[in-house]
Amino acid sequence: MTFREQLQAWRYNLVPDHIIGEILTKRWTDNAIPFIALVIVVASFGSAIPGFFKLYSLQESTRQLGEFSLVVTGVTVVMLGGGIDLAVGSIFALSAFSAVSMVFIFETPVWLAFAASMATGATFGAINGYLIGFLRLRAFITTLVTFIIGRALYDILVVKFGSKIQLSMVSSDTWDFIGDGTVLGLSVPVLSAILLAIVTHIALTRSRPGWHVLAVGGSRRSAHNAGIRVRLTVFMTYVFSGLCAAAAGFLIATRLSGAGPGTGHGLEILALTAAVVGGNSLGGGRGSVVKGMMGAVIVLVMTNGLIRLGYGTGTNQMVLGILLAVAVTIDIRWLKNRHKVLNEVYVAPVYLRMGEAPSAVPGSGTPYSLNSHLSSAAHIGLGEVEGPEDVILDRDDHLYCGTRHGEIVRFFAPDYTRSEVFAHIGGFPLGLAFDRDGNLITCVGAMGLYQIAPDRTVTRLSAETRRSLTSIVDDARLRDPNDLDIAPDGKVYFTDSTKRYDAHEWALDSIENRATGRLLVYDPADGSTKTLLDGYRYTNGVTMAHDNKSLFFCESWACRIHRYWLEGPKAGTAECVIRDMPGYPDNINRASDGTYWMAWLGMRTPSFDLSLRHPAMRKRMARRLPQDDWLFPNINTGGVVKFNDNGEILQTMGDLTGLAHPMVTSMREHKGELFIGGILNNRIGRFTVDGADKTWTSNDAYWGAAK
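Quick note: the sequence shown uses this note's numbering, first residue 1268, plus one each step.
Hints should not be assumed to be uniformly reliable.
Here are the computed distance ranges between Cβ atoms for each label pair [claimed, not checked]:
#1 N1492 to H1606: 20 to 30 angstroms
#2 A1754 to A1972: 27 to 37 angstroms
#3 V1595 to T1296: 14 to 24 angstroms
Okay, derived cross-link-like pairs now, DSSO-like style, lysine-lysine, Cα gap no bigger than 30 angstroms in a straight line [unchecked claim]:
#4 K1837 to K1886
#5 K1961 to K1758
#6 K1758 to K1797
#7 K1816 to K1837
It should be emphasised that the hints constitute simulated quantities derived from the structure, not laboratory data. These numbers were taken from a predicted model, which means no experiment stands behind them. C-beta atoms are modelled at their ideal positions from N, C-alpha and C, and glycine is treated no differently.
Starting from the given sequences, assemble the full structure and let the hints guide the process.
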């Protein structure tokens, strides 16, 4: 390797430029801009205003923040449901008036005043919800009308009863404590806002009603088609918003012990601005309560700060208008262009210089020299199956394979002309293996490890492992479980080909060629799944060695076979036994003579090998060209290779005619015949192996002869 190549390898293999793309895929990155804005606003006004961080100042500010946050939480839920609520200012004011009138005019207990406030909010929320949810009126116009009516009603009531409230001599310790007291150093409004935010966040992210709100906000038609009661869900969001505004109105009533003409004035604009500035989408379906809380802090600190710095109401409104316009612009532009940004930065190819491979050209004299032996293989299920990636036979000689339609098909022995759908999985069944009890275990792409019992009951065994502490993407989830084998103790060893891409995105993984594949083990004794090895280029086929003390697994894009030791002095370590093959290895299975069969899903080409040494070219290719024009690994022509425990190549077979089985992803020896599968094929091959043991089956080799 030249110095330039060494420098390039360091640049692309050690510099974690893929992290940017991984960060942008996370939903919490939407919080980055409002969080940065929050830090800047607090720091700026904190340094510009003397005494900003003093205890008394913070206590007064947090009381306002608690009340304001309650309103913002309600508005946020309405926005997540795809609506908008401009009536919260009127509801806030009327609820405050209801509370003070009940205490200072009618001299009722505080709890009854609270009930009156909440009833006011629920009534107005129900009116909005009914008109918008059930009568399907426009949310903007409807809430604007209820805002105007509510505000007019409030002004009439204040003028008529304001003097009675001010002249009342009623006092209440409970009322005063709610307005001015603290619990553990926090005011009642702050505690109320925190509690409501936590409960609402849990409800939105962990409960069915919360999921329904997000689904309705994302697409009402889709939510309706999914069976969600859209009208009721919309109705409840407005009721919730009304209750939140009412609770805030009750709290400000206890703090001020009165209600004046300015109560709630402009609150709807402040709340809407806070929700949008925090990062909640006006289009609905995207956002969170946390974002609303951050927006509330930003807006309240900014408005109070401008007032304390001597700026008038006009300046405040202008700043809020600019802030709202900027937030809406960022939201719309980011929502529209996020996938474009991800397409630009997510695929981050690395440098790889493949070793020189022995020739596979027919007649070259190397052990890898291809031929057309497989062209004589007979067809099973021609046109009846699509994508039989792996094949396996049971003790009764019946043949099984997965299909890309999410089914496992069974062909009946001895002629395999009759077939049936043995089980429907839903995903794409890849690797297959029978355990001691006759259960069929399969790796299902993008879903996990599944078991199909003899009575056809389908059970999920595993869908995740322990997450790495240093990983940005959720590598606990099994994204591309590929092949498996079962040890005598029942443990299932299987591969997860890549942690960055789903099973259908294998092409992107090959172009990036980053070492994100791993070897895992599922223990049926405790149901745990653990990662044994990590950092391989597309881990694929896996099989137990004949002595059951080790296993072989392949690294497809690096064209290597590794041996992982389960017992002995090398236990827990892996070593490469075959490297720099001319083909890309896939599934591996035992042979009757104590050796192993390995599938080549495709052959290396000089052009793709060269591209691996030029990651910048591959990155530009992924950005600028349509996928049909990309340079991929060749997976159209492969073959079957036999090797022994020492990694020596004993035999190579292919189909250079392209008429029968040019593409191979798996093969299974059974009673002297080799059954061949291919993920791009529409049939299964049946090939007679010269000199093979006609009584040998993998079931007997693994679990002993049937009793």
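Evaluated hints:
1. N1492 to H1606: 20 to 30 angstroms: holds, 24 angstroms
2. A1754 to A1972: 27 to 37 angstroms: violated, 19 angstroms
3. V1595 to T1296: 14 to 24 angstroms: Given range 14 to 24 angstroms: holds, Cβ gap about 19 angstroms.
4. K1837 to K1886: Judged against 30 angstroms, a Cα distance of about 39 angstroms means the pair is violated.
5. K1961 to K1758: Distance of about 29 angstroms is within 30 angstroms: holds.
6. K1758 to K1797: holds, 11 angstroms
7. K1816 to K1837: Given that 30 angstroms is the threshold and the Cα spacing comes to 10 angstroms, the pair holds.
Checked against the numbered hints given earlier, this structure breaks hints 2, 4; the rest are met.
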